[in-house]
Each structure stands twice: as C-alpha cells, then as structure tokens.
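Asker: Line order of the protein sequences matches chains A and B.
Quick note: the first sequence uses this note's numbering, first residue 1, plus one each step.
Quick note: the second sequence uses this note's numbering, first residue 1, plus one each step.
Think of the hints as simulated: they come from the structure by calculation, not from any bench.
Treat the hints with care, as some may be off.
What the hints assert, rightly or not - List time: in silico SDA-like cross-link candidates among lysine to any residue, alpha-carbon distance up to 20 Å:
1) 141(B) / 160(A)
2) 353(A) / 233(B)
3) 250(A) / 21(B)
4) 353(A) / 144(B)
5) 233(B) / 109(B)
6) 141(B) / 249(A)
7) 353(A) / 28(B)
8) 353(A) / 40(B)
9) 353(A) / 26(B)
10) 141(B) / 44(B)
11) 215(A) / 144(B)
12) 353(A) / 143(B)
13) 353(A) / 109(B)
14) 182(A) / 259(A)
15) 182(A) / 231(A)
16) 215(A) / 143(B)
17) 141(B) / 257(A)
18) 276(A) / 182(A)
19) 250(A) / 160(A)
20) 141(B) / 260(A)
As a plain string of letters, each chain reads:
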Amino acid sequence: MIKTFLFTIFILFYSQVFAAEERTLGKSARALLMGDAYTAIADDEYTLFYNPAILARHDGFSFNPINPSISAINILNHQDALDTFSSGSSNPSTIVDGTLGLPIHLGASATPSFKFANFGLTGIFNNQTNIKISNKVSPVLDIDHRYDRGFIAGYGQAIFGSYNSEMGGEHLALGISVKYLKRESINNAFNLTGGTTLDLVNAGEIDALLAALGKINGQGWGFDIGLDYAKSSGPTTFTAGLAFLDVITKLETEDNEDNFEVQPQPMQVNFGTAMKASAGAGVDLTVSLDVKHLEQRMELMRRLYLGAELGLTPAFSLLAGINGQDNYSYGLKLNTGLLKFYVGLYSTEIGEKLNQEESHRAIIYFSLFDFSFNP
Amino acid sequence: MPLKCLILFLSIFLFFSCAKTTEQEVASAIDEARYFLNSMSCSDALDVLDEVGFQSDNADFITTYASAQACRAGYTETGFLFGGNLALIDANNLLKSLASFPESEETTADSNNFIYIQEAIMTLLSYDGNSSPSTADRNSKFGTKKSGDMSMQALYMIFVNMGKFFYVYGNAGNDGTKGGDEQSHGNSCLFSYTNANAAAYINGGAPTGSCSAASGSEGSDFLEAPVTSALIKTRLCYGVILFTNMIDILENITLPGSSELGDTANIGAVFSSSITTLGNAETSTFGTTSINTIKDITSQTACEALSLDDLERWYAIFFETSYI
C-alpha cells in the first residue's frame with residue numbers, strides 16, 4: 001500500500017506539462033465552494049456531472065426541478081481593473097492596459113434532474129462566457145462562449161457489497177452514463193484593433209453581433225464511466241471515486257464559412273476521496289480530496305483539490321476549499337426545505353501554468369421544490 | 001481490498017497519462033505567449049512560441065509571434081492607434097505625413113526598433129516563405145476574419161516603419177518634409193542616383209520637392225558607399241515592400257468604420273492613380289517598365305533580385321515624386 005502511494009506521488013511530480021481552465025458541462029455550487037473536491041461526494045442533483053457510479057448509493061425517488069445557478073467575475077479581486085474603471089479615463093489605451101488579463105466571466109446554468117433507484121436523468125442548460133483581453137502589443141479579444149443544451153442519463157450498480165446513503169454499508173460500484181449535447185459556440189480570438197472587432201460596434205442586433213464573432217453550432221454524444229467505493233462505520237463514512245468523464249464525447253460542428261470548430265469536450269479522469277464524520281442532529285464535518293486530470297500531465301499542485309463542509313444544523317453549513325495552491329473558496333449553505341441556497345466566492349486557475357492566471361468569481365445557487373421519496 | 005484496487009488503478013492510469021497533442025501544445029503556447037505579452041515580457045513570449053516551432057498554418061500563432069517580435073521595439077498597437085498618429089495621415093501626401101509621426105524620429109538606419117518591427121511585418125506577410133505574399137492568399141488560407149486581422153496588424157506596423165524609413169532616408173524635418181534636415185544628415189534626396197533615367201527624371205524638373213538635382217551625392221549616406229551594395233539593396237527594398245504591401249492590403253480589405261483610421265481609406269485610391277500615371281510616364285519617356293514591374297513585388301527576396309537600375313527608377317520617379 002505504501003509502495004503504491006509513493007509510486008503515485010512520484011508519478012504526480014514527474015508529470016508536468018500545462019493546462020488552461022477545465023471545460024465541464026456542469027459544476028455544482030456546493031462543489032465549487034468546497035474547492036471543487038467533489039468526485040467522491042456528488043450524491044446530489046450533480047451526480048452525473050461528477051461520477052455516475054454514485055447513483056448506486058441512491059434509493060427511492062428524487063426530483064430537483066428548479067435549480068438555477070449564476071456565477072460572475074468577482075471584480076473586487078481585480079484591483080488594476082477597478083482602478084482603471086474608477087479613474088474614469090476615456091483613453092482607449094489606458095482602458096485596454098487596465099483590463100489586460102482581466103478574466104470576465106458570466107455563467108448561468110440549470111440542471112433539472114430526477115433519480116429513480118440507481119437510474120438518473122439530468123438536463124443540461126449551461127451558458128458559460130469567458131472574455132479576456134490579452135497581449136499588450138496587439139491586444140486580442142479572447143472569447144470562449146458556449147451554450148450547452150442536452151441531457152445525461154446514467155446508471156450505477158454495486159459490483160461488490162451493498163451501500164446506500166441512509167443505511168450505510170460498504171460497496172464498490174460501477175456506473176455509466178450517456179449524454180447528448182447541442183452546443184452553441186464562440187471560441188475565437190480577435191485582434192482588438194482589427195476589422196472584426198472594430199466592426200462589432202456597428203453590428204447592431206445581437207444576432208448580427210454573434211455572427212460577426214463567429215458563432216457556430218455543434219452537437220454530439222458522449223459517455224462517462226465511474227467507480228465508487230463507499231464504506232460507513234458508525235458515525236464516519238469514507239468514500240472514494242474514480243471517474244472517466246467524456247470518455248468518447250465527440251461534437252460535430254455544423255458547416256460554417258470560416259471553418260471554425262466548436263470547443264471540444266475533452267476527456268477528464270478524476271480521483272477523489274472524502275471522509276464524513278457525523279455528531280448527530282445535523283452536525284457533521286466532511287473533508288474531501290480530489291486528484292484531477294489524471295489523463296494529462298500537469299503540475300502536482302494543479303491536480304490537487306481540497307474541500308471541507310461543516311454542517312452546524314440540518315439547515316446551515318459552512319463550506320471552504322483550496323485548489324491550485326492558492327485558489328481559495330468559501331461560502332455557506334442554507335436549506336429551508338422548499339429552498340436550498342448556496343452562495344460564496346471561489347477562484348480557479350485559467351492560465352497555462354500554475355499561478356500564471358486566476359479567475360476570481362462569485363456564485364449563487366438555489367434549488368426550489370426538491371422532492372425525495374424513499375418507501 | 002476494493003479500495004486498494006481503486007488506488008492501484010489510479011496509479012496505473014497516472015503512469016499512462018498523456019502528454020498534449022501538438023495542436024494542444026501550440027494553443028497553450030499561444031495563450032501563454034499572450035499572457036507574457038500583457039507585461040511586455042517579449043523574450044519569454046518568443047521562447048514559449050519557439051519551443052513549439054513556427055506554425056505557418058496557424059493565424060493565431062503567426063499574429064502572436066509577430067506581436068512578440070514587435071514587442072522588442074516597445075511597440076503597442078493601442079499606443080499607435082490612439083496616440084493621434086493616424087489622425088495625421090494625409091492620403092494626398094502620405095509619405096510626408098507618416099514621417100511626421102512622433103514614432104518616426106529615428107537617428108540612424110536599421111535601428112533595432114525598425115528591424116524588430118520589420119521582422120514582425122515579414123512574419124505576418126511571408127509566414128510561409130511565399131515569394132509573392134498577398135492579402136488574397138491570406139484570405140484564401142485563413143478565411144476573411146483571421147486574414148483581416150492579420151492584414152490590419154501588418155498595416156499598422158507598416159505605417160510605423162514607413163514613417164521611420166522615410167524620416168531617416170529622406171532626412172525629414174519635424175513636420176516630415178523631405179530634406180528638412182532635423183537630424184542634420186544633409187541629404188535632399190532619398191538616394192544618390194547614377195542610373196541615367198533616374199538622374200534625368202530628377203534633373204528634368206519633375207515635382208520632387210527638395211530633390212531637384214542628381215549630383216551624385218544628393219542621397220542618404222545610409223544608401224551609399226561605404227555601405228555595401230548588398231545592404232544598400234536590402235534597405236531600398238525595405239521601402240519598396242513596405243509600400244507595395246500597404247497598397248495590397250488597402251486594396252483588398254474592407255477597412256473597419258472607425259474614426260481613428262482617419263484618411264487611411266483614401267490611400268489606396270490615391271496611389272492606385274499615381275502609380276498608373278507615373279508608370280505610364282516612365283514607359284513613354286524612357287521605354288522602361290520598372291514601376292509597373294515593382295508595384296507587384298511584395299517579398300523582400302523578390303525585390304532584392306531586381307537590378308539596382310530598376311530600383312533607382314522606382315525611387316526617382318515614384319518615391320521622390322510621392323514624398324516631398
């Protein structure tokens with residue numbers, strides 16, 4: 001066991017290439033506020049975005065019909081841009097210099113889902129837009145916009161032992177899911193002082209604007225596979241999971257005059273563990289660790305995601321996490337029965353190398369009329 | 001036991017984790033170079049791009065590489081575009097107006113700043129070693145959006161370097177006038193003409209501003225011995241291809257409707273007319289076709305393959321008339 005662990009650590013250090021922001025179909029607000037260390041925890045409406053094998057823990061019927069999530073840049077963490085805006089300068093050079101590298105983010109998503117026994121179905125409505133100006137010499141407007149619509153259906157089955165979220169036990173489960181995706185995409189970089197961008201001001205209608213930016217469409221199918229290990233022993237529960245997301249997700253781009261391609265949905269392999277200790281009456285502590293992107297070589301610290309949730313009452317929890325060495329997240333959960341609510345701040349790596357560029361964001365999520373029934 | 005299996009599986013997977021594909025490495029290198037260019041870390045940007053090798057089929061790589069090259073000259077597009085330079089452009093006296101740019105005030109030929117920007121221009125235009133780079137080729141290869149951005153990026157830098165070029169070799173005054181002698185170089189013409197047709201044109205009373213007599217020493221010291229003949233030709237061709245590529249771009253792209261571009265939109269029409277007029281005049285007067293030949297030459301290599309006589313005729317008849 002120790003040899004295996006040391007071998008794993010060696011490989012983690014050995015593997016160093018680079019990577020930008022990960023491109024996922026859905027992110028749980030709870031996960032983001034726990035540092036996104038969620039592969040072994042995702043037993044909520046986001047199961048199919050993290051590990052389909054966790055469906056094997058589910059019993060009965062669950063329904064989450066309305067659960068919008070909105071995220072946006074936390075401008076308070078970008079002092080240079082704040083200074084530029086507060087200076088009231090109208091000089092384009094000053095404005096561009098002050099906003100170089102400012103990662104503007106706006107996300108809006110909803111993932112209505114239901115689970116029946118070990119089967120799950122989740123809708124995907126995910127609009128993510130990231131805009132950034134970079135390159136002081138010839139400023140480039142980098143636009144990564146995608147609006148995904150589709151669904152994921154999955155099934156999890158224990159292949160060893162038996163476990164469920166309420167009764168506990170021990171199991172090793174295998175899960176698979178299939179997804180269909182339609183993607184509206186703008187994934188281009190334009191010179192800010194080039195013809196395309198300067199003409200945007202004359203584009204007028206939003207459709208003309210999107211067309212000028214090179215909006216295209218694509219669609220396709222994909223698959224996920226996961227393993228989930230769970231074991232409860234008295235008040236503690238240990239879980240571990242290995243998820244292969246978008247193992248074969250292939251999006252075909254519709255013909256377009258510029259031969260642009262929609263963003264691919266790359267495979268992602270994540271390993272996660274979590275330990276939950278309960279003290280009764282809704283008081284519990286969950287700590288989690290994910291080792292992500294096993295499919296590609298990157299810095300060790302960029303792989304590690306740490307999170308914690310401290311449940312103070314059944315209705316109220318505090319969440320915190322860290323990833324990418326210094327990307328902190330924190331927030332709180334409020335659950336009133338009809339309304340489940342998360343709010344907080346988080347950061348994520350968006351540069352090619354560790355600590356080069358970070359995006360600081362705020363997120364708010366609420367889920368209305370959650371319903372579960374277990375006879 | 002199941003947990004051990006899970007961790008073993010993880011270890012095996014880590015061992016076989018994949019490096020990026022070439023395409024992903026190139027995209028990463030471009031993004032990282034742009035990040036370095038945010039802070040004008042030019043050599044870091046060039047290093048990261050050089051690591052993946054030059055990508056002549058990738059418009060984003062080419063434009064970013066050109067940015068990193070121009071970065072070494074301290075050049076920024078917004079500084080140029082919004083610094084009031086383009087408002088100075090006068091299509092009817094273009095070369096003088098370019099030489100009047102504050103950025104044009106060079107004291108010597110082939111300054112580092114001039115060469116860095118020239119290299120960036122060459123990267124944008126001759127990315128694949130094409131002997132006849134053109135906007136049409138770029139449109140065909142990269143599509144009109146990317147090609148348009150490449151052309152605009154090149155055009156801004158061409159304006160900057162044409163300004164530097166005519167300021168130095170034309171011995172400009174501070175308003176850009178040829179022979180204005182702000183740097184005390186003393187020359188009244190761009191070049192000291194020895195070709196009989198060129199000298200005859202200058203001496204014949206053509207409207208060539210301060211350049212009114214071909215005495216053999218009227219041109220820039222940077223374009224005569226002891227400068228080697230090869231370097232003289234290289235320098236003469238810098239001016240030629242800056243000009244021909246500027247015209248090629250202006251005649252083949254739709255300029256954005258930005259007020260910052262000033263009189264730029266009229267340049268193509270003005271020079272199209274004057275090239276035709278002066279080309280016809282050359283042919284009818286001397287029986288030669290240097291202007292009509294050179295106007296279509298857009299690569300430095302092809303230009304340097306021309307005879308010095310052709311270049312002298314171009315400079316005397318076209319540039320000395322256009323730059324006064």
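Asker: Against this structure, judge whether each hint is valid.
Answerer: Outcome of the hint check:
A C-alpha spacing of about 57 Å is found between residue 141(B) and residue 160(A), which places the hinted pair above 20 Å, so the restraint is violated. Annotation: proposed proximity of residue 353(A) to residue 233(B) is violated, straight-line Cα distance about 45 Å (limit 20 Å). About 17 Å separates the Cα atoms of residue 250(A) and residue 21(B), which keeps this hinted pair within 20 Å; it holds. At roughly 32 Å between alpha-carbon atoms, residue 353(A) and residue 144(B) are farther apart than 20 Å, so this suggested pair is violated.
Between residue 233(B) and residue 109(B) the CA atoms are separated by roughly 13 Å; this keeps the pair inside 20 Å, and the hint holds. Proposed proximity of residue 141(B) and residue 249(A) is contradicted: the alpha carbons are some 29 Å apart, above 20 Å. With a C-alpha separation of about 9 Å, the suggested pair residue 353(A) and residue 28(B) falls inside the 20 Å cut-off, and the hint holds. This hinted pair checks out: residue 353(A) and residue 40(B) have alpha carbons roughly 18 Å apart, not beyond 20 Å.
For the proposed pair residue 353(A) and residue 26(B), the alpha carbon gap of about 14 Å is at most 20 Å, so the pair holds. Only pairs whose Cα atoms come within 20 Å are accepted, and residue 141(B) paired with residue 44(B) is rejected, the gap being roughly 29 Å. Distance hint between residue 215(A) and residue 144(B) is fulfilled; the C-alpha atoms sit about 15 Å from each other, no more than 20 Å. Pair hint residue 353(A) plus residue 143(B) does not hold up; C-alpha atoms about 31 Å apart against a cutoff of 20 Å.
For the given pair, residue 353(A) sits about 40 Å from residue 109(B) by alpha-carbon distance, which is inconsistent with the 20 Å threshold. At most 20 Å may separate the alpha-carbon atoms for a hinted pair to count; residue 182(A) and residue 259(A) meet this at roughly 18 Å. With a C-alpha separation of about 38 Å, the suggested pair residue 182(A) and residue 231(A) falls outside the 20 Å cut-off, and the hint is violated. Among the hinted pairs, residue 215(A) with residue 143(B) is consistent with the structure: their alpha-carbon atoms are about 15 Å apart, no more than 20 Å.
The suggested pairing of residue 141(B) with residue 257(A) holds, with an alpha-carbon distance near 12 Å, which does not exceed 20 Å. Between residue 276(A) and residue 182(A), the direct Cα distance comes to roughly 37 Å. Violation of the 20 Å bound is thereby established for this hinted pair. Between residue 250(A) and residue 160(A), the direct Cα distance comes to roughly 32 Å. Violation of the 20 Å bound is thereby established for this hinted pair. For the hint linking residue 141(B) to residue 260(A), the alpha-carbon distance of about 13 Å falls within 20 Å, and the restraint holds.
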